[in-house]
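Assemble the whole structure, with the sequences as input and the hints as a guide.
Our numbering puts the sequence shown at residues 1 to 130.
Derived from the structure by calculation, the hints contain no laboratory data.
Bear in mind that the values here come from a model prediction, so they are computed numbers and not experimental data.
No false leads were mixed into what you were given.
Ranges between beta-carbon positions, derived for each pair:
1) Lys35 <-> Pro3: 35 to 41 Å
2) Glu94 <-> Asp120: 18 to 24 Å
3) Lys128 <-> Asn47: 21 to 27 Å
In silico EDC-like pairs for lysine to aspartate or glutamate, Cα to Cα no more than 20 Å straight-line:
4) Lys100 <-> Glu68
5) Lys128 <-> Glu7
6) Lys8 <-> Asp122
7) Lys56 <-> Glu36
8) Lys56 <-> Glu43
9) Lys56 <-> Asp38
10) Lys130 <-> Asp120
11) Lys130 <-> Glu7
12) Lys35 <-> Glu71
13) Lys77 <-> Asp63
14) Lys90 <-> Asp122
15) Lys90 <-> Asp121
Just so you know, even glycine gets a beta-carbon here, dropped at the ideal spot from N, CA and C.
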Amino acid sequence: MFPVSREKVWQLIQAHQTDVYNIHPMIKSVKPLNKEGDTVEQEWDTNGQRVKVVAKFTPNPPDTLTIEFLEGPMIGKTVNRYTEVAGGTKVVTECDMRSKVLDDNQLEMTVRQFLNNGFDDDLRHLSKMK
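If you want it as structure tokens, here you go:
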């Protein structure tokens, strides 16, 4: 649950295009892979290790944001659904992820940690937005 309007959540999502390093400090580099800029190669610092990830972002405001992980330690997609409710915006995330390097338990822990860390980063940044 984000304690802001859905409109403000979409402002945060758009801010990822220009301010991603401040929002998510684990992201060390971003390189667009197409002219639309929706598919990017990112380098993440995860527990002191550098990891390359290729992801495609498909926003469908104001309802959903789909992120497809095309390369990296986890492959698959997440779909965030945003619903304005009393007190803010409810976010429901559906994940379909797999990995060649992580077993099912490790994968579930990694995905949960990734989602929780991302949410915490987003909340922190939202508190700084006007």
